[in-house]
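Dock chain B against chain A, hints included.
Protein chains in written order, with the working numbering: chain A, 1 to 341; chain B, 1 to 613.
For the record, the hints were derived by calculation from the structure and aren't laboratory data. Computed from a prediction, not measured in an experiment: that's the story for all the values here. Each residue gets a CB set at the ideal place from its N, CA and C atoms; glycine is no exception. Hints may contain errors.
25 Å max Cα-Cα, derived SDA-like pairs, lysine to any residue [stated by the list, open to error]: (1) A:LYS13 x B:LYS283; (2) A:LYS13 x B:TYR440; (3) B:LYS256 x A:GLN316; (4) B:LYS193 x A:ALA320; (5) B:LYS75 x A:VAL340; (6) B:LYS283 x A:HIS114; (7) B:LYS283 x A:GLN321; (8) B:LYS188 x A:LYS13; (9) A:LYS148 x A:GLN273; (10) B:LYS606 x B:ASP555; (11) B:LYS600 x B:LYS283; (12) A:LYS150 x A:ILE210; (13) B:LYS256 x A:GLN321; (14) A:LYS14 x B:HIS464; (15) B:LYS193 x A:GLY324; (16) A:LYS214 x A:LEU250; (17) A:LYS236 x A:ILE210.
Listing some non-contacts, in silico: residues in chain A with all C-beta distances to chain B over 10 Å [stated by the list, open to error]: (18) ALA32; (19) LEU44; (20) VAL82; (21) LYS87; (22) LEU113; (23) ASN251; (24) THR289; (25) GLN321; (26) GLY324; (27) SER325; (28) THR333.
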Amino acid sequence: MSITTTDESSLTKKDFVTPNDVRWCPGCGDYAILNAVQRTLPELDIPREKFVVVSGIGCSSRFPYYMNTYGFHTIHGRAPTVATGVKVANPDLSVWMITGDGDGLSIGANHLLHLLRRNLDINVLLFNNRIYGLTKGQYSPTSEVGKKTKSTPVGSVDHPINPLLFALGSEATFVARTTDTDMKHMVETFKAAQAHKGTSFVEVFQNCVIFNNKTFDTVTSRDVKQDQVLSLEEGKPLIFGANRDKGIRLNGLDPEIVTLGDGIGQDDLLIHQPRNSNSAYANILAQMTYPTFPTPVGILRQLDGRETYEDALVQQIEHAQSNGSDNLQELLTGQNSWIVE
Amino acid sequence: MTQSTDSFEEIDSAVVRFAGDSGDGMQTVGERFTDSSAFAGNDIATLPDFPAEIRAPAGTLAGVSGFQLQFGNSKILTPGDAPDALVAMNPAALRANISDLPEGGMLVVNIDSFKSMNLKKAGYESSPLDDEDFRKKYHLIELDLTGLTKEALKDSPLKPSDKVRCKNFFALGFMYYVYGRPLEPTLKFFEDKWGKRLPDLAQANSQVLKAGHNLGDTMETARNRYQVSKAPVEAGVYRKISGNEALVYGLVAAAKQSNRELLYSGYPITPASPVLEGLSHLKKFGIKCVQAEDEIAAMGVALGASFAGDLTVCATSGPGMCLKSEFIGLASITELPLIICNVQRGGPSTGLPTKTEQSDLLQALFSRHGDCPLPVIAAHSPSDCFDCAIEAARIALTYMTPVILLSDLYVANGSEPWRVPNVSDLPVIENSFASTEEEYVIYRRNKETLARSQAIPGQVGLEHRIGGLEKGEDGGVSYDPDNHEEMSLVRAQKVARISKTLDPIHIQGESEGDLLVIGWGGTYGAISSASRNLRDEGFSISNIHLRHLNPLPDDLGEIMSRFKKVIVPELNLGQLNVILRAKYLVDVISYGKLQGKPFKVAELHKKFLEYLR
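So here's chain A without its partners, still in its complex pose (with noise of 0.2 Å):
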């Protein structure tokens, strides 16, 4: 519809903020977040008013709100099919996509299944923090097994459900988690989800400040992050640790660490691979979770080549065109027509 475009090359981070006040919580992570993705828009070389931000409900999906760019904030559990809908009708969006654990997982895990399989190029980020907070602090299907929580007082005894596995699950084609913590990180992640063709599913560790705080210590923490922390690097083997002499070998269909020294070099580690199209590596790591394992940061999968729905559909669509006439009047009088005079 627009002829002219606003020059992406001056963008800065300014012209994404929006006037309205921020309102979550002090100390919440969802400003990290916003930060990062207000300092990402400006560098990916698109006009601001191509940017389309979707949302469900949640303390999460308020985020539209903040951005000054195309936005909408729908009901709960429903952006994918909203997402889908701006992507389809103009593929020439981007489309940023963000959801919680609750919505994106309970009410709206339907959904983001059907987003995923059918691979738009849209960025889903799923702020994970393991609870309802703008409900005010009921366990969700993050949480722990005996999460006591005000509608679970003995704990809640429902398996959760792990993100990156749902997603691997739906056969993603890009599977990553980040955390609120690492700015940097997350920058580089975002950036990699635009820049992947398909759905980008992020996962984002987030700290919910008033309901369940340090809930993702045993990743964030300075002191014991580089021990605890499996950061991934595209053809690098699995190492971590702050002495770097901790690895992750595989033992059959099991990972098991190791350390480094005494006959086990770097050749007998898992070299980090997203690329690869059996997804049973990325499912291994997606498993991997504190206390037994160090927790996997980074991008797990990013599978180039599928075709996105929207391209396939256009594709169709321009196929049928250049086959045949759009004539409505032919239409309205079909083959079987016949005239009274």
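Chain B in isolation, oriented as in the chain A frame:
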């Protein structure tokens, strides 16, 4: 084709019903008879009637599928109350339908299927065909359709089992003989459908159809032949059209007339699936069709695409409407244009999925939480779906609002001749787009329509956020109590103002009198016929049929006041009745029916008469 020399009895109209197993091809046969009658220049109305099960156990009452049509030499508004001729392919079809056949009616049965097993499945202890009283009651024609079909195809290369499946066309050919129908449209249908892909099948069906027709020529018992001359209609190009087809074409036309791209998003549901299927075949018109993962998603996709500037549509039926409710509320508060079609069926819940009903009116009017009035319109006949689709788009785009378009199974599946409009005569639909020349204030309104203007993602300088939270005029989230009340009122006023653009109500009959009949939706034909008949008998009765159910036309109250009594027949327990009483404080008489079947002209005639004497 040789023209028989025996004389035809000239009649004004006839009602024919085909009934058989759901696998017997009764819908196909009915459709072909319809095409042939349209080709012969008759006016027509059809009533397909099939079970919810695709293939219920063969030979059982549960599996009986029927197709009734009425054709005539003047305006035909209904598929007819009772058949003049019934074709029963098996005992179950006979048992399920015989009570509708008047004494003396023509009864064509496939005697080959009247064997003990089939009789038992249909609940007959002995064959009714052995009962002398039964035989005398009807004009009975017994055909061994299976044997005759096999004989006609003795040289065909088809497998024996495939040959037998052609027998529905033998019955059709015979009925074509009885009613002097042309064979050409059906022969063309065979050629178009199977000529290239399965030429042997096309050939076999043609042979069987002709054999059935020729049998009539040689049979002593079939000497009664009927002729229905052409109906006098306005000059023009005509075609046969079903309600769902007309809806599809209307949506395509609306997109063209509004200069927007069309996105349709749906989830399969009876009886709305043909809309999804129909639009999916029209990619050459640039139509984007999304089969969503569920009804909620279908609505979400449509709303997202509406935000992005497309003309967007969902079609569903009652259960799907329930699921869409929350999203419809979001569409209302964000004031985005959208068309939601509800092809009504029997409810609640799964209810009667393949039977007609008009019981979703109150749902359409009120199913959102919050104070959330929306425009609601209803189509009254198959071809009216075309005009209603354009009207729904006009309202949605002019007023920036979701619109609910009610159809029903009877309208959707029924078909009638349609005078094809000239595309150049179709109305142009205005959009309410924002200007890039001035500051964009999301909820600043057009003074006349109260519509907000729409800025489309991708437009420079119009970046904005919308959402489910209440907003102030500038689009900022607002919890201000006065603002919420004001915004709620203005949304309601916007919808109410649509009535200013409506044409005066068309009254059939005098503009004042004893009894006014008010109808809406698919009851149009039966109500109009019954009222017309009573007027012909000298009674003071008039009828109006409402397309706009919200807002109601401005002249409705005044028209009602000019009649001594007002009656509202509906295929529900009195839903429009509730609205009229509440809004106009008129003591409206409600006449409801909830049997999954349309009104018969005779039952309305009888009911209206009660209030005319």
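### Query
When you check the alpha-carbon spacing of LYS75 of chain B and VAL340 of chain A, does it fall within 25 Å?
holds (15 Å)
#### Entry: LYS150 of chain A paired with ILE210 of chain A [C-alpha distance capped at 25 Å]
holds (13 Å)
#### Entry: Given pair status - LYS13 of chain A, LYS188 of chain B, alpha carbons within 25 Å
Distance of about 67 Å is beyond 25 Å: violated.
### Task
Grab the minimum beta-carbon distance between THR289 of chain A and chain B and tell me whether it stays above 10 Å.
For THR289 of chain A, whose nearest Cβ neighbour in chain B is about 29 Å away, the distance exceeds 10 Å, so it holds.
#### Entry: Whether LEU113 of chain A stays farther than 10 Å from all C-beta atoms of chain B, as the label says
violated (8 Å)
### Task
Could you check that no beta carbon of chain B comes within 10 Å of the beta carbon of GLY324 of chain A?
violated (4 Å)
### Message
Does LEU250 of chain A sit within 25 Å of LYS214 of chain A, going by the straight-line distance between their CA atoms?
### Response
Answer violated: LYS214 of chain A to LEU250 of chain A is near 31 Å, above 25 Å.
### Query
Is it correct that the beta-carbon of ASN251 of chain A has no partner in chain B closer than or equal to 10 Å?
Consistent with the label, ASN251 of chain A stays out of reach of chain B, its closest Cβ about 39 Å off (over 10 Å).
### Message
Does GLY324 of chain A sit within 25 Å of LYS193 of chain B, going by the straight-line distance between their CA atoms?
### Response
With a Cα-Cα distance of about 19 Å, the restraint between LYS193 of chain B and GLY324 of chain A holds, given a limit of 25 Å.
### Query
Since ALA32 of chain A was said not to touch the interface, does its Cβ keep a gap of more than 10 Å from each Cβ of chain B?
holds (21 Å)
### Query
Going by Cβ atoms, does LEU44 of chain A stay more than 10 Å from chain B at every point?
holds (16 Å)
### Query
Is LYS148 of chain A within 25 Å of GLN273 of chain A, Cα to Cα?
This hinted pair is violated, its Cα atoms lying about 38 Å apart.
Comparing the model with each numbered hint stated earlier shows that hints 1, 8, 9, 10, 11, 16, 17, 20, 21, 22, 25, 26, 27 and 28 do not hold.
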